[in-house]
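Number of protein chains: 2
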Amino acid sequence: MTRHFFNELESLKRDILSMGGLVESAVAQATNAFLTPSAEHTDQIVDGDAEVNALELRIEEECLKVLALYGPTAKDLRFVVAVFKITNDLERIADLAVNIAERAKGAALEGVGPMGQDVREMSDRVQRMVRGALDAFVSLDAEAAQNILKADDRVDDLLRDVYEAQAAAVTGGEVDFKAALRVLSFAKYLERIADHSTNIAEDVIYLASGDVVKHQY
Amino acid sequence: MTRHFFNELESLKRDILSMGGLVESAVAQATNAFLTPSAEHTDQIVDGDAEVNALELRIEEECLKVLALYGPTAKDLRFVVAVFKITNDLERIADLAVNIAERAKGAALEGVGPMGQDVREMSDRVQRMVRGALDAFVSLDAEAAQNILKADDRVDDLLRDVYEAQAAAVTGGEVDFKAALRVLSFAKYLERIADHSTNIAEDVIYLASGDVVKHQY
Chain A
1 MTRHFFNELE
11 SLKRDILSMG
21 GLVESAVAQA
31 TNAFLTPSAE
41 HTDQIVDGDA
51 EVNALELRIE
61 EECLKVLALY
71 GPTAKDLRFV
81 VAVFKITNDL
91 ERIADLAVNI
101 AERAKGAALE
111 GVGPMGQDVR
121 EMSDRVQRMV
131 RGALDAFVSL
141 DAEAAQNILK
151 ADDRVDDLLR
161 DVYEAQAAAV
171 TGGEVDFKAA
181 LRVLSFAKYL
191 ERIADHSTNI
201 AEDVIYLASG
211 DVVKHQY
Chain B
218 MTRHFFNELE
228 SLKRDILSMG
238 GLVESAVAQA
248 TNAFLTPSAE
258 HTDQIVDGDA
268 EVNALELRIE
278 EECLKVLALY
288 GPTAKDLRFV
298 VAVFKITNDL
308 ERIADLAVNI
318 AERAKGAALE
328 GVGPMGQDVR
338 EMSDRVQRMV
348 RGALDAFVSL
358 DAEAAQNILK
368 ADDRVDDLLR
378 DVYEAQAAAV
388 TGGEVDFKAA
398 LRVLSFAKYL
408 ERIADHSTNI
418 AEDVIYLASG
428 DVVKHQY
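Sequence order for the protein chains is A and B. Positions 1 to 217 (this note's numbering) are the ones given, in order, by the first sequence. Positions 218 to 434 (this note's numbering) are the ones given, in order, by the second sequence.
No wet-lab data here; the hints were simulated from the structure. Heads up, a few of these hints could be off.
As the list claims (entries may be wrong) - 20 Å max Cα-Cα, derived PhoX-like pairs, lysine-lysine:
id : chain 1 : residue 1 : chain 2 : residue 2
1  : A       : K178      : B       : K405
2  : A       : K188      : B       : K405
3  : A       : K65       : B       : K302
4  : B       : K282      : B       : K230
5  : B       : K282      : B       : K292
6  : A       : K13       : A       : K65
7  : A       : K85       : A       : K65
8  : A       : K65       : A       : K75
9  : A       : K105      : A       : K188
10 : A       : K85       : B       : K302
11 : B       : K302      : B       : K292
12 : B       : K395      : A       : K188
13 : B       : K292      : A       : K65
14 : B       : K230      : B       : K302
15 : A       : K178      : B       : K395
16 : B       : K282      : A       : K65
17 : B       : K282      : A       : K85
18 : A       : K75       : B       : K282
What the hints assert, rightly or not - Partner residues are not named here, just some residues of chain A that face chain B (Cβ under 8 Å, in silico):
id : residue
19 : L64
20 : L67
21 : A68
22 : G71
23 : T73
24 : L77
25 : V81
26 : A167
27 : V170
28 : T171
29 : F177
30 : K178
31 : A180
Ideal Cβ placement from N, Cα and C applies to all residues, glycine included.
Whenever a hint applies, use it, and build me the whole structure from the sequences.
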């Protein structure tokens, strides 16, 4: 049983990484489409989401199978539960990438509010957070995961900057409400992707150290 | 063991219902505060969130304990997993109630865009969805859960109506960007609460029938 069980855990880890790869690439593509802005390739992102959903269901089934077959305890149980949760966060990140892709279409066809350095910095940071959270999971690195939690504060500040910039642009008559709202929605989706990355980081800290950091930030 | 295990499951069910009661009341209070709008009592909602977070952690620990001690399989395993997921959705609904409460303060102090029948109907419907999802869980009623999934479509339509109404109000110079955005954010939070209610309904359908309906809607 031990060898089989070990193989199952390794297989779960590989599945999470496959899913993580797909999700990272969806976020990158959607973000680029919005920043360009271009209506091209956005359908691809929407279609790719089906693959992510299928992987989520498969990993969930796999987790249930491992729980039922091996009844893992202590650290092994925590690992399976963490995989279960991380899968859920990755799936939601993929959904948010789809939302961004949909906005990218609107942005390309109907225009957007001003996109300054704040928007671009936010895009870069959030993508680094997703990648960082997955890397921390692979190496079970609690310190790297802590850094993700800290990075989230800057993202919240940037969201506020974007909000003020869009409000000023509408008030000044430079853009209409809907155009400004597209940029703000984009920034809001990025912020939620950052939140899911911190959820993953919290699970890594719990896994690596046994500490519950959820609800402390 | 059987009797103890049965007691554990009953205790988990009671915990979910306590948590559900707190969450329902947070949503009702936050929504009323926004619709009134009034800055009163909103701190209470923010403070109450700590209790919900504590309950979430306790229920998660309890689920892990049950998995480790009894290694449940089949239907029992699915029940524990469903409790785990539902707890997570309830916690997020409570967070969204806090977000609404924060907006209610801004709304009271700095004004809001027009709040017509669409906003009020959305508030009512979403609150009914939260309650309905919890009721469906208690009675393991897959049909009632299916109705929640259907109700979500109307909420999406209402969100679009709210968006158009706010855009028109800004364009017509009746309100400023920030005031309109407060109503739109409120509606968006309600829509996300509705989404979490459908997640719970999907878990109930899975529990009651073994069918996976996730990603079909």
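For each hint given before, does the structure comply? Return the numbers of the non-compliant ones in rising order. Hints that this structure does not satisfy do not exist here, as all of them hold.
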